[in-house]
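*Asks:* Chain B: place on chain A using the hints.
So the chains spell out like this:
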Amino acid sequence: MASKSKVTDVDRTIYDYVDDEKDFYRLKEGLTESVVRHISEEKKEPQWMLEFRLKALESYNKQDVPDWGPSLKGLNIDDISSYVRAKSDMKNNWEEVPSDIKNTFERLGIPQAERLSLAGVGAQYDSELVYHNVKDEVKAQGVIYSGMEEALVGPYADLVKEKFMHLLTINEHKFLALHGAVWSGGSFVYVPKGVHLSIPLQSYFRLNAAGAGQYEHTLIIVDDDAYLQFIEGCSAPKYNVANLHAGCVEIYVGKKSTVRYSTIENWSKNMYNLNSKRALVETDGAIEWISGSFGSHTSYLYPMSVLKGDRAKSEYTGITFSGAGQDLDTGTKVVHIGEDTTSFVNAKSISKSGGLNTFRSSVEIKKTAKRAKCSVSCTSLMLDSESRSDTIPTMDVRTSDADMGHEAKIGKISEEVIFYLMSRGIEEAEARAMIVTGFANPVAKELPLEYAVEMNNLLKLEMEGAIG
Amino acid sequence: MEKVITLQTSPLPVKTWRYLKVNKAEIAVPEKLQCNAKSNISLIDSNIEKISQKTLFEKLNPKEIEGSLGKDFNDWFVSQNIECNVLNLSSSDDDKVYHVVLNVKDNDDYAGIFVINAKENAKGKVLFEIVSDNEGTSNSKTDAAPLTEGTQLPAGGTVCLYVLCNIEKNANIELSEVQLLNESKQFISNTIFTQSESSKAMFTRCNFGSQKSYVGLKTTLQQNDASFESRLAYITHKTQFLDINDLAVHVGKKTQSDFITQGVMLGSSYKNYKGTIDLQKGCTGSLGNELEDVLLLSDDVINKTTPIILCSEEDVQGNHGATLGKINDDVLFYMNSRGLSSELAKQMIAKGKLYKILLATPNEKLIESANNYLNSAFKI
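Which chain is which? The protein sequence lines are A and B, in order. Position 427, counted from 1, in the first sequence is what my numbering calls 436; the numbers after and before it change by one each time, with no gaps. Position 118, counted from 1, in the second sequence is what my numbering calls 220; the numbers after and before it change by one each time, with no gaps.
Watch out, some of these pointers could steer you wrong.
Computed, partial: chain A to chain B, Cβ under 8 Å [said to hold, decoys possible]: (1) Asp76; (2) Arg397; (3) Lys418.
Worth flagging that the hints you see were computed from the coordinates, not collected in a lab. Fair warning: this is a prediction, and the values are worked out from it, not measured in the lab. In this text, a Cβ means the ideal position worked out from N, Cα and C, and glycines have one as well.
If we strip away everything but chain A, and leave its shape as in the complex, we get (with noise of 0.2 Å):
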């Protein structure tokens, strides 16, 4: 009988880090009426927000929990606490931060990244930025990259109004209500017409607070022929309570432009992570979405990518390690509407120690979508009986000028493959943790440098330990 590898979970060291709450100012749990004008007034934000909040608030009462997907059970939102904030303003100058909030993120390594290979930075701690920054150079190229709340009331006013919460509607679903009654911090960029921005923009989102719910919002619109890399991650220490990240992000990409949007999220594993996200692209337009998802109790997040212009392109690229207590359901939706619209999901799994992995996608080509083309590949690994990997898709096609391509594929590392690397005298946890890194690698070359390397490092102290 082939031999099994035991495989331990991530050296969770630095992301584990507690800061003391007693400098914080933290609403009481539960969602109500009160709540809401309360987050609303904190923020002293226009009245068309306080009227939308209370909208969404009325939308979430309606709506039921979804009866797919994982199970919601274990999250209680009369026992999460949807605002939490330090006592502190948002710093534009680091050393400005208070000095716990400053640590926990010079843990992570956010500053040194900034200072290595960023264009601008946002920092959000629980439900506010604590930090916001961008380079001199990039500001003058026009961009904008601020906080949510200073964009409501900025130059750019009359944009966000006229976005926010268009392209994903309280209506769709439970938890988009809930982001839109009780969201709090994220950033909003704006690119001019014709900027490259050749280094990426990144916000890091970190919850400290146990039993906290985190929604922060990201806005970002891109005018015509520009580019723009961003890139998103996210953690928070383990809790013995559930805490609650219900993000939406809605970008707009302008003709001939492209965005690449990247997460490496990383959560405790006492999170629900229902993330939301969906980009809207016009002619000659491209989003592409790498994600890896590494954390998180249980997940629902499938980046949207509605093509919407002639000849519009998406691709995505996304990996899910999947271990002990953890239920992900990840994937991506596809809407082709112009004509030539091409798009391309390539997706990754590994389920291990009794993860539950779940691909889930689906690509619609309309009527109008003439000459459409979509492949979908997605390839799943056991590592193990104990765990469990489903692929769901499913294609809505209503033209004959199209052409779409499925493949998926679900087994476990070739027992040859193993025996061929350790004739060559690799030990097996060697050769194996080789193969899965290997596996990855479609989604590690598409992250920055510093990123791969982080993802590769989790990779292997996934499969650190591994014996015969």
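*Replies:* Chain B only, in chain A's frame:
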């Protein structure tokens, strides 16, 4: 006037997004089927034993006989009190074809239960021919309105076929189902296989006729080394509606399932294909393959495909693939260069895809009838 009820059937084994409308299908059925004895049900062999439905269902565990059309359908069907036909195949039936013809008159309903017991080491073939008494033509008198929402009952009656196959150790059976009903009818087919050690089953289906079709297949590869192969050809044209729900459950070790589905869609037709390979914990060394190839020949079709793999075992392989779309431009150009018009070339390619499966039907006359039906659909 007969009372019509709506059944919630053909459930996807695991649910997905509700807006896609693939999690279930609704079937409108008469509360009580009006089966007319004048419809010609011929069983080309007398080796069929008749028992009452009550006697049959008393012996069986309801869960075991719940096919992929689901509980709601089963409950309704059991309430119809239909006569059951039991066919026992033994090793002496080598290569014999049991041919069952259901020739249903216009406006009649028909419901039949067929239990096929393939005894240890048995080898045999069973062919179901489901036709209207004006067989061989796809033309209904009038074009019906689109029925994609699924809650209307076609005017020409409902034909319902329920087949239970129990395949014992080392038995090898080939089951075929060719459906050429006229387009005023509704067809519901629920086929269930239970397979023992080293058994083999091949199921060939050609679903060409009827206004609305709901086709469900479930095989449980219960014991080691059992294997199953499904070959399905379908064509939908005009306003035809087709819902397919195929499911292979791998329980035994080293079991294998293969699904090959070839489809052609024309007119304003609707098709929803759901195919699931369920690799359960303990089915080590098992393999499941699933492939759907659909040719879309009209801009007004709605084609939905959901190929699912569920996997709880490490030492298995599950593969699925789907290709949906038009004929390759290079192939069309080549055929044009040989003097064939694009229209004729498309018909040839489309028919060729369906013939790959149709030709496995063990009856030449029926293949000819199906060919006539296809010509009529393509208006040749």
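*Asks:* Confirm or reject each hint.
*Replies:* Taking the hints in turn, this is what the structure says about them:
Interface hint at Asp76 (chain A): satisfied, since its Cβ lies 6 Å from the closest Cβ of chain B, which is below the 8 Å cut-off. A cut of 8 Å between beta carbons decides the hint on Arg397 (chain A): the least distance to chain B is about 5 Å, and the hint holds. Hint status for Lys418 (chain A) relative to chain B: holds, with the closest Cβ pair at about 5 Å, below 8 Å.
The structure agrees with every numbered hint stated previously.
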